[in-house]
Amino acid sequence: MRQSVAIADSGFSRFNSLMFRVESTARSKSDLSGPKRACLLLASFLFALIGCDARIEQFEPNRVFTLALAKSRSIPTEPASEDVSQSLEVLFGTPNEPQWPEQLLAEEGTEDLVDVERLRRAAGPVSSGKDGTHRGLFREHCVVCHALEGSGAGPASQFQDPYPRDFRHGVFKWKRTVRGAKPTKQDLRDLLTRGVPGTGMPSFALLSPDDLDALVDYVIYLSVRGETERRLLVGAVDELDYGDTVPEDDFRIRYPADSEGAGLIEDTVVRVAGQWDAAESRLVEVPEPPDLDAEEMAASIERGKKFFHGQIANCVGCHGASGNGAVVILDYDDWTKDYTTRLGLTPSDREAMQPFRDVGALRPRPIKPRNLQKGVFRGGGGGPDLYCRITQGIAGTPMPAVSVVDQANGKGLTAAQIWDLVHYVQSLGRE
Amino acid sequence: MTGQQSTETAASPPARGLHRLVVLALCLVWPLIWVGGLVTTYDAGMAVPDWPGTYGYNLFLYPYKTWLLGPFDLFIEHGHRLLGAVVGIVAIAIVVVAYLRDPRRWVFFLSLGLLAAVIFQGCLGGMRVVLGDRTLAMVHGCVGPAFFALCAVTAVVTSRMWWREPSEEDAKARPIGYPLVGLIASLLAISYVQLVLGAQIRHVQPTTPPSQFTMTVAQHVMTALLLWVLSLLASWRLWRCGDLTLSRPGLVLVGLVTLQTVLGVATWVVNYGWPGFVGQVPSSSGYLIQAKGFVDSIIVTAHVAVGSLILAVSTMLVARILRVRGRRRQAQGVHDDVLATSNESLSPSAALSH
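Chains E and C supply the protein sequences, listed in that same order.
The first sequence finishes on residue 431 if you use the working numbering, and the numbering steps up by one all the way, no holes.
The second sequence finishes on residue 354 if you use the working numbering, and the numbering steps up by one all the way, no holes.
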């Protein structure tokens with residue numbers, strides 16, 4: 001009985017909500033005549049029975065990380081999560097009305113990291129204007145895989161291998177900056193234009209430059225917001241004594257306020273945005289590739305083969321002697337380790353993983369080394385791309401970096417030797 | 001074609017114009033579904049934010065230069081509305097002609113149902129725009145093919161095939177039992193379920209959990225296999241009926257379901273790439289999805305349109321097989337109370353004598 005009343009209530013409230021929306025629309029279109037309005041109301045009455053879209057009013061909190069933190073610190077983290085979510089909404093707005101903490105970032109001069117107008121164009125429901133301008137770009141192009149919060153756990157995520165990127169870690173694979181740095185805007189734009197072959201990530205080369213810029217800004221926005229959330233949760237538990245209960249007012253995560261908690265928020269946002277802003281200054285220095293004729297290139301490839309099999313680069317350890325990636329390794333990317341091995345949990349242990357799966361974590365999958373023989377390089381197969389990848393590794397994955405040294409010393413490779421290695425890796429795909 | 005019965009001896013229906021109008025509606029509705037599919041593929045559903053007008057203009061008075069030379073989104077959305085309005089006008093004409101020319105009262109009510117369905121579908125489309133609601137877009141996408149199927153039924157009951165009197169060939173022909181009728185009816189039901197599953201995948205909500213989406217995709221794949229097997233079985237059984245009006249659509253259905261399966265795989269690939277378990281497909285590991293690519297969009301939209309066509313052919317087959325079954329039973333002197341009443345009321349000669 002109670003259930004049926006609840007269902008009736010829910011249907012009634014849905015109907016009310018729908019009628020309100022129709023009335024609002026009708027009011028906003030003052031030129032609507034009586035019959036047209038009656039038509040709208042009659043139709044809406046019918047459609048109230050059918051149902052309407054799930055409401056999107058706020059970003060979901062990062063429940064997987066909240067749980068991982070609770071396991072690692074052995075204390076409840078829900079109070080911290082609630083306060084962090086509220087503060088984030090004040091600072092960053094909602095999926096329909098995003099905000100950018102410009103005032104807070106103005107002191108460090110990073111307020112222009114993203115353009116607020118672009119953010120608003122990329123956010124919200126999908127629509128297009130009379131001039132063909134699209135709005136709601138993130139939901140149009142990205143949300144099915146990356147999800148509203150950029151968690152990488154969108155509806156179609158289970159079909160992707162590797163899983164779509166979780167922006168909230170602030171870690172990106174395909175970039176030309178040093179391993180620990182954020183990607184530049186150009187890196188993200190290149191990625192959108194190029195796509196990631198062999199995965200579900202499309203090339204958006206057909207989109208207008210304005211659309212691409214808006215998407216880049218929105219990805220940065222989601223990443224800054226998500227990383228701020230993670231850092232604030234850690235800070236709340238480690239520095240502000242959140243636990244079973246919330247701490248006293250001065251230490252609560254609330255914004256705006258004149259308190260320790262607000263100070264932590266400000267420091268965190270400024271630090272995360274600052275890292276993005278500094279990305280341009282952290283580009284990898286890629287020396288000019290040597291200009292080689294066919295004979296020299298063959299010799300370079302031969303030398304590269306030795307480095308590929310050698311102890312310093314030790315590429316064969318994962319990619320195999322022939323570069324076909326057939327070596328069996330049992331390792332995971334950092335996004336998966338975050339709620340598995342770093343907590344001492346075995347990713348294949350279903351029982352241990354179940355609580356994380358229940359709050360939205362994807363089933364852990366081992367990471368696979370690339371089959372270089374196929375000649376498909378997800379982050380771009382150009383010489384400079386591969387040079388960056390070899391010297392920096394791939395952020396968030398077990399792919400390590402090879403040190404660049406001035407003189408061959410048995411601990412690293414010189415720039416020329418790395419170019420040899422690049423040539424060999426490129427040659428594998430042509431065989 | 002041995003053993004197949006010809007329909008050349010068919011009697012002329014009293015309202016040939018009605019049938020032509022319904023065929024015209026069918027010919028307009030399929031392109032309408034195509035254009036509607038393109039609207040969704042290009043996310044152009046909200047390109048015109050008002051309804052029933054277009055940017056404040058009456059639908060038919062919107063400046064054609066702005067429409068034709070404007071953005072592609074506006075072109076297809078406004079075009080979709082115009083084509084829908086034309087279908088509505090044809091539906092009104094069908095009602096008028098059915099009232100004036102067709103002696104069967106139930107055909108008039110059927111035509112009224114057709115008109116009501118057009119109006120309902122138009123309102124759905126309009127409300128989708130006014131409320132900006134994706135769920136309504138999905139419902140709109142499911143009602144469109146149902147309307148197409150209704151047109152197919154109307155086309156069958158106004159066709160020459162429907163008016164053919166029971167003949168000696170019918171008396172000699174193999175009787176059609178309930179199992180075959182049930183098989184064809186299940187094809188119709190499953191093809192619609194499949195269409196609804198496809199619409200759920202196409203109009204997925206941003207908040208849909210991955211497990212639910214995965215389940216829907218798995219159901220869509222399983223239903224596709226079931227549909228393919230059933231269509232093969234149905235085609236074989238229809239071939240044995242010895243009636244070209246059944247066996248030909250049966251073969252067409254198999255072809256369409258096969259084509260649809262290929263289009264379904266292609267649709268998945270252009271949207272989400274090759275699944276990992278088919279890594280052996282040449283160049284699949286380097287396949288790059290092109291967002292908003294023209295060919296990709298046509299593939300996806302074709303998958304939507306062929307789904308509607310399968311539904312319409314299944315519906316047509318259900319209507320035809322019921323008619324052929326009744327005629328054969330009448331010719332063979334098999335009467336049960338329900339059938340006798342039904343055949344009498346559907347009998348052209350009986351209808352004309354009223």
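It is possible that part of the hints are untrue.
Derived DSS-like pairs (lysine-lysine); straight-line CA-CA distance at most 30 Å [claimed, not checked]:
(1) E:K173 / C:K292
(2) E:K374 / C:K65
(3) E:K130 / C:K65
Quick caveat, the hints were computed from the structure, so don't treat them as lab data.
Here is how each hint holds up against the structure:
1. Restraint check for E:K173 and C:K292: the C-alpha separation of about 25 Å stays at or below 30 Å, so the hint holds.
2. Between E:K374 and C:K65, the direct Cα distance comes to roughly 50 Å. Violation of the 30 Å bound is thereby established for this hinted pair.
3. Under the criterion of a C-alpha separation no larger than 30 Å, the hint pairing E:K130 with C:K65 is consistent with the structure, at around 13 Å.
Checked against the numbered hints given earlier, the structure breaks only hint 2 and satisfies all the rest.
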